[in-house]
Amino acid sequence: MMQESTTNSPFRLAAWKWAAMIILIFVFIAGWIVPLKPGIIKVTPDRAVAGEMMVVDVIGYNSFYLTDTTKLRGWLRLSGDTVIQAHHIQAWDDRNLSASFYIPSVFPVRQEAYPLTLVLDHGAEGTSILPNAIFITPASVQDTAEMKLWFRDKIEHVHEKAGVQYPFRNILAETIRNTYFHVPMWFCMIILFGVSAWYSLQYYRNADIDFDRKSVAFIKVGLVFGLLGMVTGMLWAKNTWNAYWSWDVKQNMSAISLLIYAALMVMRSSVEDDMQKARLTAGYNMFAFVLLIPLLFIIPRMTDSLHPGNGGNPALGGEDLDNTMRMVFYPAVVGFILLGLWISQLVYRTDKLKGNL
Amino acid sequence: MKLNKSCHIYGLFQPSMSVKSILAFLLLMIFQTAQAEGESTPDFIRSIGKIYVVAGVCLIILITLFIYMIRLDRKISRIEKRQKNE
Chain L
4 MMQESTTNSP
14 FRLAAWKWAA
24 MIILIFVFIA
34 GWIVPLKPGI
44 IKVTPDRAVA
54 GEMMVVDVIG
64 YNSFYLTDTT
74 KLRGWLRLSG
84 DTVIQAHHIQ
94 AWDDRNLSAS
104 FYIPSVFPVR
114 QEAYPLTLVL
124 DHGAEGTSIL
134 PNAIFITPAS
144 VQDTAEMKLW
154 FRDKIEHVHE
164 KAGVQYPFRN
174 ILAETIRNTY
184 FHVPMWFCMI
194 ILFGVSAWYS
204 LQYYRNADID
214 FDRKSVAFIK
224 VGLVFGLLGM
234 VTGMLWAKNT
244 WNAYWSWDVK
254 QNMSAISLLI
264 YAALMVMRSS
274 VEDDMQKARL
284 TAGYNMFAFV
294 LLIPLLFIIP
304 RMTDSLHPGN
314 GGNPALGGED
324 LDNTMRMVFY
334 PAVVGFILLG
344 LWISQLVYRT
354 DKLKGNL
Chain H
4 MKLNKSCHIY
14 GLFQPSMSVK
24 SILAFLLLMI
34 FQTAQAEGES
44 TPDFIRSIGK
54 IYVVAGVCLI
64 ILITLFIYMI
74 RLDRKISRIE
84 KRQKNE
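Here the protein sequences come in this chain order: L and H.
Taking this note's numbering, I'd label the letters of the first sequence as residues 4 to 360.
Taking this note's numbering, I'd label the letters of the second sequence as residues 4 to 89.
Note that these hints are calculated values from the structure, not bench results.
Cβ atoms here follow ideal geometry from the backbone N, Cα and C, with glycine treated the same way.
It is possible that some hints are incorrect.
To be verified - According to the in silico footprint, chain L covers these stretches of chain H (three or more CB under 8 Å from chain L):
#	segment
1	57 to 68
2	71 to 83
Claimed, not checked - List of simulated lysine-lysine pairs, DSSO-like, C-alpha gap at most 30 Å:
#	chain 1	residue 1	chain 2	residue 2
3	L	Lys241	H	Lys84
4	H	Lys78	L	Lys355
5	H	Lys84	L	Lys357
6	L	Lys45	L	Lys74
As the list claims (entries may be wrong) - Quick list of simulated restraints, FRET-style, between CB atoms:
#	chain 1	residue 1	chain 2	residue 2	range
7	H	Arg77	L	Ile301	37 to 47 Å
8	H	Phe69	L	Phe154	22 to 32 Å
9	L	Glu275	H	Asp76	21 to 31 Å
10	H	Arg81	L	Leu262	29 to 39 Å
11	L	Ile301	H	Ile73	57 to 67 Å
12	L	Leu16	H	Arg81	19 to 29 Å
13	H	Lys84	L	Leu16	21 to 31 Å
14	H	Leu75	L	Pro38	29 to 39 Å
Put together the whole structure using the sequences plus the hints.
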């Protein structure tokens, strides 16, 4: 991988470097131009009392309610398949509709308040869901006869919108596209640190100063990608969690792992003797990589985290990364990793030139 | 064409000119954005403002990587200069 190009032509590049460029161009184009599926962004009013008729105004996102109004259906879902169906739905324009529901005065389960999920189905546009859309406070007078208004297994024949689109997730909305830009930063960082640890191991075997140069080049670039992951994550957190830093377990652990590697670079610069520097770096670096595994893969999974993909958040865990997203996400990971390896190689070659002078 | 060795990325264009043209471009962009937001029916993408986060994330990544490449380029130029002097 560390071969230098033999010709002077600027277009004579290794195939994997061309691959990195082409893949990343694809990722940036596809990550931006593919639209989201329709979603619901707002429901008013968001609370009501049981045993009354209510009309809710719904604001949609990327929706076309007027396309075929006869195919509009709506439900309020209590849990699982326990639902009430809308009496009437009136679409005002492509993004606004009103739906009327009668909220039964009795509920199949007894709770302080009942969060209901709004489900809309449209023949051409597919299904859109808003979790916890309306909170119902129990009625003072309960009529047990109204229990039959709750249906089970009544959401059927729902439609799936055809075509290439990313899923609409609540909380995330358009920022679901950050899966292609923020997440690969961390993948790339881990791979670069892994390659670096491998070269440190090689240094222990051969005591060749060149392996030390290689491992340090990969750490330098890995730190840049880690920092990018952190800063892009903080920008998203400011918008979504209202704070750049909210001491979430995933934020803390990634900060610690970056600090470990930053400390490695500081330690290196404080050692005078080159051989001693290389030996210390190699030992430290292998331990640092081993530490990454609990810090990034184990501890964040042991506790609850706000981060998408972790428990309690309707975001990227498992089923939420759908097949359309995979077609962009996997190339994004590969493309950014190749770019990281490419930059690291350039850093290594530069450091080698500097060392030989 | 034989390129001058000292022709690194800053040498490719005149700094004073580029600053002016970048400023003009930014002003044009701000003006157009303001105009678009003044329309009576804002499109759905801007209605929740989440797309700006994605734009910010992409810009941070691209700008950081470009700055890193420029620094690397200057480092290589310095080494080349030193090599020539020896």
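Cross-check of the supplied hints:
1. Here the segment 57 to 68 of chain H counts 8 residues with a CB under 8 Å from a CB of chain L, which clears the bar of 3, and the coverage holds.
2. Beta-carbon proximity to chain L at under 8 Å applies to 6 residues in the segment 71 to 83 of chain H; the threshold of 3 is reached and the given coverage holds.
3. For the hint pairing L/Lys241 with H/Lys84, the CA-to-CA distance comes to about 45 Å; that exceeds 30 Å, so the pair is violated.
4. With a C-alpha separation of about 12 Å, the suggested pair H/Lys78 and L/Lys355 falls inside the 30 Å cut-off, and the hint holds.
5. Between H/Lys84 and L/Lys357, the direct Cα distance comes to roughly 12 Å. Compliance with the 30 Å bound is thereby established for this hinted pair.
6. Restraint check for L/Lys45 and L/Lys74: the C-alpha separation of about 21 Å stays at or below 30 Å, so the hint holds.
7. One distance hint, 37 to 47 Å for the beta-carbon pair H/Arg77 and L/Ile301, holds here, with the actual separation near 41 Å.
8. With their beta carbons about 57 Å apart, H/Phe69 and L/Phe154 fall outside the hinted range of 22 to 32 Å.
9. Range check, L/Glu275 to H/Asp76: Cβ separation about 30 Å, and the 21 to 31 Å hint holds.
10. A hinted range of 29 to 39 Å holds for the C-beta pair H/Arg81 and L/Leu262, which are about 30 Å apart.
11. In this structure the supplied range 57 to 67 Å is violated for L/Ile301 paired with H/Ile73, their Cβ-Cβ distance being about 38 Å.
12. Remark: the range hint 19 to 29 Å for L/Leu16 to H/Arg81 is upheld by a beta-carbon distance near 24 Å.
13. For the pair H/Lys84 and L/Leu16, the beta carbons lie near 25 Å from each other, so the given range of 21 to 31 Å is met.
14. Under the hint 29 to 39 Å, the C-beta atoms of H/Leu75 and L/Pro38, about 37 Å apart, fit the expected range.
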